[in-house]
Amino acid sequence: MFSNFFKSMGWCKVPGFMQAHVELGFVNEVELKCLLEQETYSPQTKAASLMEQGALRERRAKAPRNSVVQSFKIVILSNKLNLLLFFGPLAILVHYVTDNKGWFFLLSLVGITPLAERLGYATEQLACYTGSTVGGLLNATFGNVIELIISIIALKNGMIRVVQLTLLGSILSNMLLVLGCAFFCGGLVFSRKDQVFDKGNAVVSSGMLLMAVMGLLFPTVLHYTHSEVHAGSSELALSRFISCIMLVTYAAYLFFQLKSQPSFYTEETKQNKEMSEDDEDPEISKWEAIIWLSILTAWVSILSGYLVDAIEGASVSWKIPISFISVILLPIVENAAEHAGAIMFAMKDKLDLSLGVAIGSSIQISMFAVPFCVMIGWMMGVQMDLNFQLFETATLFTTVIVVAFFLQEGTSNYFKGLMLILCYLVVAASFFVHEDPHQGWC
Amino acid sequence: MSCCKVPVLIEAQVEMVSANELENKSLFRQEEDAAQTKEASLMEQGSLSTSFPQHTPKAPKNSVLNSIKIVIFCNKLNLLLPFGPLAILVHYMIDSKGWVFLLTLVGITPLAERLGYATEQLACYTGPTVGGLLNATFGNVTELIISIFALKNGMIRVVQLTLLGSILSNMLLVLGCAFFCGGLVFYQKDQVFDKGIATVNSGLLLMAVMGILFPAVLHYTHSEVHAGSSELALSRFSSCIMLIAYAAYLFFQLKSQSNSYSPLDEESNQNEETSAEDEDPEISKWEAIIWLSILTAWVSLLSGYLVDAIEGASVSWNIPIAFISTILLPIVGNAAEHAGAIMFAMKDKLDLSLGVAIGSSIQISMFAVPFCVVIGWMMGQQMDLNFQLFETAMLFITVIVVAFFLQEGSSNYFKGLMLILCYLIVAASFFVHEDPHQDGI
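For the protein sequence lines, the chains are A and B, in the order given.
Just so it is clear: in the first sequence, position 425 is 454 by the numbering used here, and no numbers are missing.
Just so it is clear: in the second sequence, position 388 is 392 by the numbering used here, and no numbers are missing.
Bear in mind the hints are in silico, worked out from the structure with no lab data behind them.
Cut-off 25 Å, straight-line C-alpha distance, at most; resulting in silico cross-link-like pairs (SDA-like, lysine to any residue):
#	chain 1	residue 1	chain 2	residue 2
1	B	K193	A	F285
2	B	K353	B	I335
3	B	K193	A	A280
4	B	K199	A	V431
5	A	K222	A	E438
6	A	K228	B	G207
7	A	K228	B	Q192
8	A	K445	A	A369
9	B	K199	A	G439
10	B	K259	B	C244
11	A	K228	B	K353
12	B	K199	A	N230
13	A	K228	B	V189
14	B	K193	A	D227
15	B	K199	A	S289
16	B	K351	A	G229
17	B	K156	B	V110
18	A	K228	B	L210
19	B	K156	B	I92
20	A	K228	B	G200
21	A	K228	B	S414
22	A	K228	B	F190
23	A	K445	B	A407
24	B	K353	A	F285
25	B	K193	A	Q437
26	A	K228	B	V196
27	B	K193	A	G229
28	A	K228	B	Q411
29	B	K351	B	F190
The task is simple: from the sequences and hints, build the whole structure.
In structure tokens form, the structure reads like this:
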């Protein structure tokens, strides 16, 4: 879960922790209200204490010793969403029993949804034990691990175009759909005033997104103006160089975030130190967390393998362009949990956290996942480059400009949210009637 | 003008100071206050009547030797001056274009700085208006001269690429370095700059992009009324409009400086007595004019050789001409401005850094580019504003990125780092870029 990234950052991604707790809370409606209220303090406190490494020593996590059954119960059974977990094995069954790619694709999609959320939970539990730095880094890497895994598997199969489209779709859906829904719902709840968020962070985020667009735009334009020095290989070399630069920028961004956070949370720390000491203890021990993380990751990989195989078949049987499936359907499902989290934060007037979920996730995909895939492709010998083709690049460019403008002002209301959602509908419709101009893309 | 090109004033003084390390610190501070004082007094025409008479520059009568000493020998950077004649020597002796190019580049670097110094000295004698105009025109005279030479040789593409490269390097590299170094020095807080001026500058840059974009798009959608000539006519018309806009911008700056510089009044009053001596120019008016002419002639001479050597250098070093024109030439051409902007940022005078960097970009995009089109028109050269799709797209996205960065009015080292990395991306793109058709020059 990307949300966990900023939890340790303390800036706008405290969500992860809260999210997991909230969803745990779904189980018991009675406890919902008070849990939610309690939760409000603990993530901030935790974030603050993680930030201030001095305080961390007082709160060394009591590592609970769970039996295997108990561990299983905590991780798997305590969340209603995990009922969907059964769809995973069901999908594999369907794959071998019938030849219906369409159903198989659908069931796999459904089966992956709860895994995203559980992965986030496991990452956040692990982050309790590691320091703030490593915790932040963990969150930063594992935030969108599902997209990463799907991309790497597709890359291994040489489906470069699917990788590009999936990552692009994830960026677009985070920037428009998740953010739009958050603004919209928050605006409806607080209809009398405009909600505010930190303009400084929003501007830095917009800058990062624009830089990502720049990185994607230049190889594309180079290709389409047929102005490469060595036709074919220049663009690849340029893409790889740009990917290195983007990874360096992302690292600097993490460094910058970590360095500039401590100042913000000093007051809240002191208020909340006493109040929520118990909520900070993780629920599973460190090794359990690592084991569960590995199990869940392996499970996601397996399902993703089947998923990627089924994309083509699903596209044929449902008569929908592959672009639409990769860009619109896949990301919506993958981001479902983050989506819910962002909306909840907006409705609690914690717009900075929503922004962190949405925009932070976009930045992570565009400045980390995309260049990382190019690098992985380089190592695998797969020719993945940053040329996302003209249509997709133009869509991304326009979207980033629109979102950057919306973020400039530092306030939001339901209308801005509605505009973003409708923009996403426009984008989705465009991809519904779009297919790559030539056949050799997969 | 104080917004865009005060730098030249301070810059020249600053670099003069660097020659004498001992006096460095105290002189530096004095220099700055002097510049602001001078500027404030230049701008406020009202107070001019009262204060100016006190500061009528004592025109020093220097002997020729003295003059040469002041202008040439006072600056360490001028050690690079001999590279100029050396380059010409090499040009006639060996046939290695690569070396000629390199030496000429190195030889031109100190000239840019000395030209700034001479312009600023001359501006002491002229009124604020003419002084501002002088700075505005001579600010990037090196690029202008190189461009006009290339134009005369019919190397239209080199002109476009050089000017484009100058705009990009000013907006990304110079500004990025300034933000980065300033941010490192003041890392506990964000540095602030005047948002209003930054917004106006962004607007002008966007207008320049618009002027360059439309002829390019017209050409590439093959939708001209009279194929071939429409685009040229549109370019010339747009150039006239851009020149008018630039003139209006200068007028606007000159008029509004008097209002926006009142806060500096306190400083200027404090320092009027202390730095009365620093305002006096060092060379007389006629000396300044003569030196200006000599330096300009010298730059022209070297530029001639430089322009000739570009092609040869590209072949012998195996680098695309686009890269040499767009990345290498401007970095060298802007070296002095670059240093100045960084120094201002490290002294928390980010407005001045911004003036150097963005002001220079505006000067090139809204003055030098249309001016070259008009000069080309007069010469009969078909220079137009169609910078080809790749370059135009690059300029467009760069201006948008920079405009966003400037919107907020604050900076930190990370923003600076982002700008520098963006410049690396741009440079890398030009390294693997060559014009799609053979008549690239």
